[in-house]
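Enquirer: Protein chains in written order, with the numbering used here: chain A, 450 to 657; chain B, 450 to 657.
Source of the hints: derived by calculation from the structure; they are not laboratory data. Any given hint could be a false lead.
Each pair may be met inside one copy or between any two copies, as identical chains are not told apart.
What the hints assert, rightly or not - Taking lysine-lysine and the DSS-like style, the derived pairs with C-alpha atoms no more than 27 Å apart in a straight line are:
(1) K548 with K657
(2) K512 with K548
(3) K621 with K654
(4) K498 with K542
(5) K465 with K654
This is what each chain is made of:
2 protein chains.
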Amino acid sequence: MQDQSVGGWLDDLASKSSTPGGGAAAAMNAAVGAALISMVCNLTIGRPKYAEFEAALVASLSKAENLRGKALLLAADDAAAFGRVIAAYQLPKASDEEKQARTMAIQEALVKAADVPLRTAELAAEVIGLARTILPGANVNVVSDVAVAASSARAALDAAVVNVEVNLAGLKDEAHRTAVQRRLEAASASAAAEADTIVAEVREKIAK
Amino acid sequence: MQDQSVGGWLDDLASKSSTPGGGAAAAMNAAVGAALISMVCNLTIGRPKYAEFEAALVASLSKAENLRGKALLLAADDAAAFGRVIAAYQLPKASDEEKQARTMAIQEALVKAADVPLRTAELAAEVIGLARTILPGANVNVVSDVAVAASSARAALDAAVVNVEVNLAGLKDEAHRTAVQRRLEAASASAAAEADTIVAEVREKIAK
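Next up, chain A with everything else stripped away, as it sits in the complex:
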């Protein structure tokens, strides 16, 4: 994805091919959010007017760069995980032994397939946290981009939640399902509302 052209990637996303799909789209939304956090930091750091916030912005820039790199890897992980689910469903199911092996392979593949969007949701929540951190000290000329970052990360979060739930729906291991749901709730509980609050605060700043 990283080396593919933007137009080509979007063509693939739009095509009949199931990867890239919603998982990669969520990762892309998260990467866009992280990139905008970096931009705002890059356009603020070193300016005397914002010296008071320098340390927080330098730390946030480093975190945002890291999250952007991870988001791109998640897009690749998603395609791989999806491939494993498809491969598991295509296993032979003639004998009882084969049926059992196939069921186990499907369940294992679904566990991994749910893990990727779960990590995407957690990453998106971190991007929203960075938007909150940088908002007070962001260069006023690009404060609108803090809102764009938050809303893009919110889209990643919303999408990731749906993508986790799709994979959990086929999972028989109740204990694992509950554990994933708990982590998902912990990541997403307040983050979507926080993103909306950030957008509202930016709009207030602009209107002043």
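Fit chain B to the known structure of chain A by using the hints.
Expert: Frame of chain A, contents of chain B only:
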């Protein structure tokens, strides 16, 4: 943007350079949403199980393809419009005549700069409308992608609203400002809530 690598475009987005910025990010989110609408249509059209919805999906696919192309053009328009604003601010302001010409150029540039995100908001609302249209007849295997499309378009809409407001803030022409605000409200009033409803409906379908 279309021919640039995804990684390179994200690097540019993250950089000190002010374009691509939040306007291009919003357009990208809208393009991702439109691409996923296309994917769901492509994976549904022609399947006997969904024959009842065939006509609606064929029409939606054509609209989604069109919107994706337009979204990519909006990203380019945004950079051009931003360039015009910067150029206007850099005009000489030594004499009263120069000052007047500069002010007029700035105001003209801001009108154009507000128009790009306004069209992005309208486009994002159309993508959300397509998500609503295809939801009842979408292939159940990719119904989660309808939610991802809606949330990505919602991010584009939220971002575009902020981007319009940033440009309107510097605009002196009250009548034009009001006209743009009305168009923006018409586009965004129900669309964000509609996107959230679509995500909730998809989650219900998955949980069944």
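Enquirer: Look at each hint and say if it fits the structure.
Expert: Verification of the hints:
no. : hint           : in the structure
1   : K548 with K657 : between (65 Å within a copy, 25 Å between copies)
2   : K512 with K548 : neither (46 Å within a copy, 43 Å between copies)
3   : K621 with K654 : between (49 Å within a copy, 18 Å between copies)
4   : K498 with K542 : between (68 Å within a copy, 25 Å between copies)
5   : K465 with K654 : between (43 Å within a copy, 22 Å between copies)
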